[in-house]
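Kindly generate the complete structure, drawing on both the sequences and the hints.
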Amino acid sequence: MSRRLGFVRRVLRGSAFRAALWNAVFFGSLAAVALGFLWVETAGVRRQAAERAVDAEFAALNKAFGRSGLFGGMAGLAREVAARGARAPDSVYLLMTRPGNRPLAGNVPLAPALAALEEARASKAWDGWLEFSWPVPFSDRSRHYPRRVALARVLNAGRDGILIVGRRVDDLVGLESILTRVIIGGGFLAIVLGLGMGALTGWGAQRRVEGLRRDLLAIREEGDLDRRLLARGDDELARLAREVNATLDRLAALMVGMRQVSGDVAHEMRSPLGRLRNRLEQVLAGHGEGDDYREAVERAVNDVDSVLRTFDSLLRIARAESGASAVPEAMAMVDVADIVRDVGELYAPVLAERGGTLEALAPTAIVLRGHRDLLFQALVNLVENALSHGVPAVGAAALELGASIETDATASRWAVLEVRDNGPGIPEALRAKAMERFVRLNTDSGRVKGSGLGLALVRAAARLHHGVLTLGGGLGGGLDGARGLVARVRLPIPKASLGEKRSEKSRKNST
Amino acid sequence: MLSAMWALLVEDDEETRDYVARALRESGWTVDVEATGSGGVEAARGRAFDVIVLDRMLPDMDGLEVVRLMRTAGVRAPVLFLTALGDVEERVRGLRAGGDDYLAKPFALSELLARVEALARRGAETEDRTATVLQVGDLTLDLLAREATRAGALLSLQPREFQLLERLMRAPGQALTRTMLLESVWGYNFDPNTNVIDVHISRLRAKVDKGRESSLIHTVRGHGYMMRP
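Going down the list, the protein sequences come from chains D and R.
Using the working numbering, the first residue of the first sequence is number 1, and each one after it goes up by one.
Using the working numbering, the first residue of the second sequence is number 1001, and each one after it goes up by one.
Wrong hints could be hidden among the right ones.
Unchecked claim - Label-pair restraints from in silico Cβ distances:
no., chain 1, residue 1, chain 2, residue 2, range
1, R, R1071, D, D305, 32 to 38 Å
2, R, P1106, D, Y293, 21 to 27 Å
3, R, D1018, D, V256, 40 to 46 Å
4, D, R299, R, E1026, 21 to 27 Å
5, R, E1026, D, R259, 42 to 48 Å
6, D, Q282, R, K1210, 39 to 45 Å
7, D, R213, R, R1096, 41 to 47 Å
8, R, E1026, D, Y293, 18 to 24 Å
9, R, R1096, D, D305, 28 to 34 Å
10, R, T1219, D, V256, 46 to 52 Å
11, R, S1156, D, D305, 34 to 40 Å
12, R, T1194, D, R270, 23 to 29 Å
Worth flagging that the hints you see were computed from the coordinates, not collected in a lab.
Cβ atoms here follow ideal geometry from the backbone N, Cα and C, with glycine treated the same way.
Right, here's the structure in full:
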């Protein structure tokens, strides 16, 4: 029972019900105004007409009677009253003696008129109008209003008489009575219907929302990310349910990804740490003295450094993947063309030493909001990848770095940062995988050195800037003209930053 | 190393504290040690240290707060932050709070020593910053004309090579690590897997030292590079 009550309470508090309530109030008021207008225009107008007619008759009689003797005294007046009464049954006449109130002529019963007159006289603010009614004679019972009603004025007929003159207004009163009933009934009906509809729709909406809420609660409590909400139809609730489902899909994927990464990291760390342990054990076992010992310990330190570097990269990737909100202080207006040129300038001597070439083409400034160090690191990773894996089997290594602006079909601008080499490239089937953490592609020479995190960091950096990393074929170099790798980072340039020319340069002078 | 150099070390972790203090002492520093932020502030106000090494996470307050208190109290010694929080964010915050340099844990001892020395020197030799000519041995660097001459002969240097040489010459006799050089000459804080700095140094050496009687650019094994006549 209390559950029902609770449900009802919730429905009453629900938004659908409240909306229906306001609806009912609004339309009720609207109806009241419309019907009020109708009243005024029909009954109101007719009452005014009746009053004017009475006034006219009153004025005429008053004037006529003012010329003394026109009707030939009381008797003559009585004759006139009778004649008029017979001529116009909708008019009301009653002639009485004063004092005495004895009826002399007329077409209405005395008692109700007299009662109304006395009541009116007793009241202080009497405006001269009378309204009285009497029952319909049995023979006329078929009329719609059960009583005859008269609207009249009173005038003194000389010193001896009182004349009541007016009009019959039963149909007007009937009309007024109908209108009253319609207005009250209609208003009541509108309110009841409004509330009823509100309750109904509220109940319907409530049930659906309750259903969604229960499902979400179950998902939350059980931690079951495989459940989904029921989304039928196409209204907002169904769309909302679908949106929630899509969010749950993403969450589930992220969870899987996270578990995967944790597993991968743990797995990856075992190898170098295992090697380290072996090396240190060998040192302990005392193979060699002095310099050997020293060298072994130095190598052990290098191993540890390598592990630490891997962790560092993982942290950077994780931080980049959590989005710009995690690194607000690091985001600033940067000129990525500058960064590309700096990377080129840093590595050109390295290529030169090996007899190769490095060219950096970044002619125009490209300013956007970004993480300067991370973008630099990303480009460095790409260049260092090229240096270790992107070297052709024969001939000199050639590297090209580029920074340019692309405008797409929707007139949005993109900053395109590229690193192109003339090495063996990456087969198309392996390109997607290569960007994942800890993936090292085996070359012909066997086991590949490195943490396998380089491209993962570049991808995370691209995503942090709402961009993408793509890998493609590059400069021709080997016998197959399509070989080589092009690593392309595309970053959106938001419209706002086009107006900002200032780019924050690093401190280039020495400390 | 000049006359008695005083360092203040504020670090709550005992092992790190002993390790760093010993390394500093072995390099000739006199080291005062504190384990709390408030202790550090007090100590800094009591003596004019040449450098302060400060842990970011202390038991009683954040290292940033410690620096702010020190600066408000008029302590002008350069501050090197040590911290497990190594990202750019934290670095920026640390520098904004009044720190001068930032080193992430775990750090190589050589890195710490090199940076501590650089900070102390920076604090001591403020008059050199306005010099327009640098001189080490027979190598002269004209900062206004952007020219380098050795034994009177003009050296043809690329702009970056000039900057690298300038950085080395501003710290004669002091070891500069590869990271420090990358930071101050290229302006980026990053981790290269390759020996990219070594290549630049060797090109510089080819222009500055090759064929001369004495070398000015030295490799300090395990540390970095140094300019010394």
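| field | Whether the CB-CB distance between D:Q282 and R:K1210 falls inside 39 to 45 Å | value | 41 Å, holds
| field | Distance restraint evaluation - R:E1026, D:Y293, Cβ atoms, bounds 18 to 24 Å | value | Since R:E1026 and D:Y293 have Cβ atoms about 21 Å apart, the given range 18 to 24 Å holds.
| Is the hinted range of 40 to 46 Å satisfied by the C-beta distance from R:D1018 to D:V256? | 45 Å, holds
| query | Is it true that R:P1106 and D:Y293 lie within 21 to 27 Å of each other by Cβ? | reply | The hinted range 21 to 27 Å holds for R:P1106 and D:Y293, with Cβ atoms some 23 Å apart.
| message | Can you tell me whether the CB distance of R:T1219 to D:V256 sits inside 46 to 52 Å? | response | With a Cβ separation near 49 Å, R:T1219 and D:V256 satisfy 46 to 52 Å, so the hint holds.
| request: Take a look at whether the Cβ-Cβ distance between D:R213 and R:R1096 falls inside 41 to 47 Å. | output: The hinted range 41 to 47 Å holds for D:R213 and R:R1096, with Cβ atoms some 46 Å apart.
| query | Should the hint that R:E1026 and D:R259 are 42 to 48 Å apart at their CB atoms be regarded as holding? | reply | 47 Å, holds
| Is the distance from the Cβ of R:T1194 to the Cβ of D:R270 consistent with 23 to 29 Å? | 26 Å, holds
| said: I want to verify a distance hint. Is the separation of the beta carbons of R:R1096 and D:D305 within 28 to 34 Å? | reply: 30 Å, holds
| Between D:R299 and R:E1026, is the Cβ distance one that fits in 21 to 27 Å? | At 24 Å between Cβs, range holds.
| Has the hinted range 34 to 40 Å been met by the Cβ atoms of R:S1156 and D:D305? | 37 Å, holds
| Cβ-Cβ distance between R:R1071 and D:D305: within 32 to 38 Å? | 34 Å, holds
When the structure is compared with the earlier hints, no violation turns up for any of them.
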